[in-house]
Amino acid sequence: MKNYKNSSYAANKYSKDIVYNSEVSGSTSITLDDFLKSDPTLTKADFEFWKNWSDEDYRVESKETNNQTKKDVLFTSLDEVVAGFELSIEEQYEEDECESIYLTAVREAMHRFLNDKSISSTTKERFRLHFINGERVLDISERHGVQSSSVCKGLKKSLNKFKGYFFLCVREIMER
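Its first residue numbered 26, the sequence shown is counted upward by one per residue in this note's numbering.
Keep in mind that a hint or two might mislead.
As the list claims (entries may be wrong) - Quick list of in silico lysine-lysine cross-link-like pairs, DSSO-like style, CA-CA up to 30 Å:
| # | residue 1 | residue 2 |
| --- | --- | --- |
| 1 | 88 | 62 |
| 2 | 178 | 188 |
| 3 | 149 | 76 |
| 4 | 88 | 142 |
| 5 | 182 | 142 |
| 6 | 41 | 69 |
| 7 | 149 | 182 |
| 8 | 142 | 178 |
| 9 | 88 | 76 |
| 10 | 142 | 188 |
| 11 | 142 | 181 |
| 12 | 186 | 149 |
| 13 | 149 | 188 |
Derived from the structure by calculation, the hints contain no laboratory data.
Sequences and hints are given; from them, build the entire structure.
Next up, the structure:
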């Protein structure tokens, strides 16, 4: 917490009096004697109750303010953070090169996967529906009239087959 010693919470907590801070009237404190004189029916227990309540109220307020302050970010500092992530020309070239290799490998792996005669057309269709179109396994199983567990098993096998093609393609591209 910034400026803890100057906070209302600290002023109230470390004082024997009940301290009230206001932007309009400034800081005001009520001593035990002033409290008891204000109303003859009040007791020391009443003073302790209100002192404890005041301490807790300022503690909660201070905690909320501190939490909000942690969330506040100046836009100028955000620009500085973003500027820190800019890549050098060499790094940008390497990133572009990696992305190009990745996309080429995905295309070639997909071509090999779809042309693999050992993979059934149903498996290829389910792979396309789930991994490319984003359909749910439950929807695919209902459409094909099979258990969702069998669709899951088939998708897992076909994904492993695709991964094999993908890594093979990456290796071949890197060797070129």
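| In rising order, the numbers of the hints this structure does not comply with | 1, 3, 4
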